[in-house]
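Engineer: Chain by chain, the residues:
There are 2 protein chains.
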Amino acid sequence: MSLLDHPDARAFILHWGEMGTHWGTNRSVAQIHALLYLSDRPLPADDIVDQLRLARSNVSTGLKELQGYGIVRRVHVEGDRRDHFIAETDLWEMLMRISAERKRREIDPTIALLGELAGRLARDDSAPPQLRERVGRMHEFISTLAAWYDQVRGLPKPTLITLMKLGGKVARFVSPRPDKHRN
Amino acid sequence: MSLLDHPDARAFILHWGEMGTHWGTNRSVAQIHALLYLSDRPLPADDIVDQLRLARSNVSTGLKELQGYGIVRRVHVEGDRRDHFIAETDLWEMLMRISAERKRREIDPTIALLGELAGRLARDDSAPPQLRERVGRMHEFISTLAAWYDQVRGLPKPTLITLMKLGGKVARFVSPRPDKHRN
DNA sequence: AAGCAATTTCAGTTTTTACAGAATGGACCG
DNA sequence: CGGTCCATTCTGTAAAAACTGAAATTGCTT
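Going down the list, the protein sequences come from chains B and A. Per the numbering used here, the very first residue in the first sequence carries number 893; after that it's consecutive. Per the numbering used here, the very first residue in the second sequence carries number 893; after that it's consecutive.
Source of the hints: derived by calculation from the structure; they are not laboratory data. Please note that a few of the clues may not be correct.
It does not matter which identical chain is meant; a pair holds if it fits inside one copy or across any two.
[Stated by the list, open to error] Using 30 angstroms as the maximum straight-line C-alpha spacing, the simulated DSS-like pairs for lysine-lysine come out as follows:
1) Lys1057 <-> Lys995
2) Lys1049 <-> Lys956
3) Lys995 <-> Lys956
4) Lys1061 <-> Lys956
Only a predicted model underlies this, so the values are computations on that prediction, with no experimental measurement involved.
Go ahead and model the full structure; you've got the sequences and the hints to work with.
Structural biologist: Spelled out as structure tokens, the structure:
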């Protein structure tokens, strides 16, 4: 008896798949992830094929991608030769891993490029001034965000959760005198 | 003389366009945005067409989308009947608007759906226990993130910038005793 | 080391998305 | 009002992405 027989599980998986298409993967990958997230036991690729009606090859690729993000892992199941897969169920962990990986793949190279452009423009007298300024600001801005992310990411999970629950109240701790920095 | 004649401007726009494809819009929209961001004066749609070599219709659609995110606005230019457009140059503002809009369009409906599913599952005795639990957790998790976002978003910009620069040091303010909450 | 089961890779197809050009709509001017 | 200038919407096409099924590879098992 399959999870997908339950209409709410089905709704979850369909929605998750749709979300995927807006957030950087394709439907299949997100659906595979959703299915594994809901499953209470490791699933072999074939089960995923059956439940989601995808081609075997597609599932293989999807699993590889999910493993690349570190949110799915292969496990061995007693008495079965086939690989089985389980999803990370700690949602903090999941979020952290996805964001770390996307930063690595997309943000870091962007920062590198912006740094290069900003550097060159700073020395280029013929460059339009607003070009120099705007590229420079973009570089600085994204670098600042990235640095913040790296630091916060390093905090212990319980601290993060506490901070999160604090919400806007963290503002109490910063001096009410705004600095003059402008981004 | 066009911005795109400058190789660094060109590189910026091309890269930004590429980023767009990974972060929820298409290349054209992101390129239009990049061009406006770099421009020191309001541009009419025709100029965008000429510089980026896009169809007029495409530029029209792209501008509409960017205005939908609130990061581009129409301005009137003295003695010219045509609409002109400028991009938000405050990057904080830009980030805030994009994230607020995406939350509104994608996250909020997801929370609503998850709430519905979680509610129904809680009452459904026949539901597999891990299904109930996992959907419930996902709902709780995303709701918490969203609430955090809404609160932080409301803080004055200078406070946000200060907090950001503090980075991991904010952790100093939270008691080192971890709570037992698990997400 | 041959045979089998499972997985991955690859080439071709389908589906989806982005785009151009044509057609339509609307404001302003004479 | 009729014409011109812009902007937008619509429709078919081109480009890109996702997916399939077949072939190739890996690696276990005897």
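Engineer: State for each hint whether it applies.
Structural biologist: To see whether the hints hold, each was checked on the structure:
Taking identical chains as interchangeable, the C-alpha atoms of lysine 1057 and lysine 995 lie at most 30 angstroms apart whether they share a chain (24 angstroms) or sit on different chains (19 angstroms). Within a single copy, lysine 1049 and lysine 956 get their C-alpha atoms as close as 27 angstroms, which meets the 30 angstroms cut-off; across copies the closest is 41 angstroms, which misses it. In the homo-oligomer, the alpha carbons of lysine 995 and lysine 956 lie at most 30 angstroms apart both inside one protomer (19 angstroms) and across protomers (29 angstroms), since each shortest distance falls under that limit. For the identical chains of this complex, lysine 1061 and lysine 956 are neighbours neither inside a copy (41 angstroms) nor across copies (37 angstroms), given an alpha-carbon limit of 30 angstroms.
The structure shown violates just one earlier hint, number 4.
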